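Starting from the given sequences, assemble the full structure and let the hints guide the process.
Just so we're aligned, residue 1 is where the sequence shown starts under full-length UniProt numbering, counting upward by one.
A couple of the hints might just be wrong.
Stated by the list, open to error - With a cut-off of at most 25 Å between alpha-carbon atoms, the simulated DMTMM-like pairs for lysine to aspartate or glutamate come out as follows:
1) K25 <-> E35
2) K69 <-> E26
3) K39 <-> D75
What the hints assert, rightly or not - Label-pair ranges, simulated between beta-carbon atoms:
4) F127 <-> V16: 36 to 42 Å
5) V24 <-> S111: 47 to 53 Å
6) G58 <-> S10: 30 to 36 Å
No lab work stands behind these hints, which were simulated from the structure alone. The structure presented is a predicted model; accordingly, all values stated were derived computationally and were not measured. Where is the CB? At the ideal position from N, CA and C, for every residue including glycine.
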Amino acid sequence: MCNFSTDSASDELQRVRQAVGFLVKEPKSKITYDEFTTKLCPVLSIQQLHRVCTFYVGENGVAPEVISKFKVLMDEDALSPDSDSYLVDDNSSTPFPVDEISKSLNEKGFSDMKPPIELLENPEFQFLKE
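Structure follows, in structure tokens:
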């Protein structure tokens, strides 16, 4: 939820406090768009609100019409040339094959590396001598 601007630590902490305030609030399904944006989380951006709200789905989640409103506003914001949004939708339904991960890893051999003397002298690191 951090913003990549020159916000102070207290500004960032305020965003975190508001998000936590939402997380502990019950019932989430009764929270209105206006309550989100004016009382509960006025400092959070629409993108941040949408992101937090979409963590809760089903009968205990945020009302679908509230999430839809956030989505519409995000889409409108994305079309604006002045948009400074850095948060993108992530699509967990997009497959990410495991074999692609293994192909991208560069295996390193460390058998010829010697650990520092300080570690070798420590009894808890005796396995390094093996």
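Hint check results:
Of the supplied pair hints, the one linking K25 and E35 holds, its CA atoms being roughly 12 Å apart against a limit of 25 Å. Taking the CA atoms of K69 and E26, the gap is near 20 Å; set against the 25 Å cutoff, the hint holds. Restraint check for K39 and D75: the C-alpha separation of about 23 Å stays at or below 25 Å, so the hint holds. For the pair F127 and V16, the beta carbons lie near 40 Å from each other, so the given range of 36 to 42 Å is met.
A C-beta distance of roughly 51 Å is found between V24 and S111, which places it inside the suggested range of 47 to 53 Å. Range check, G58 to S10: about 35 Å between beta-carbon atoms, so the 30 to 36 Å window is met.
The structure meets every hint from the earlier list without exception.
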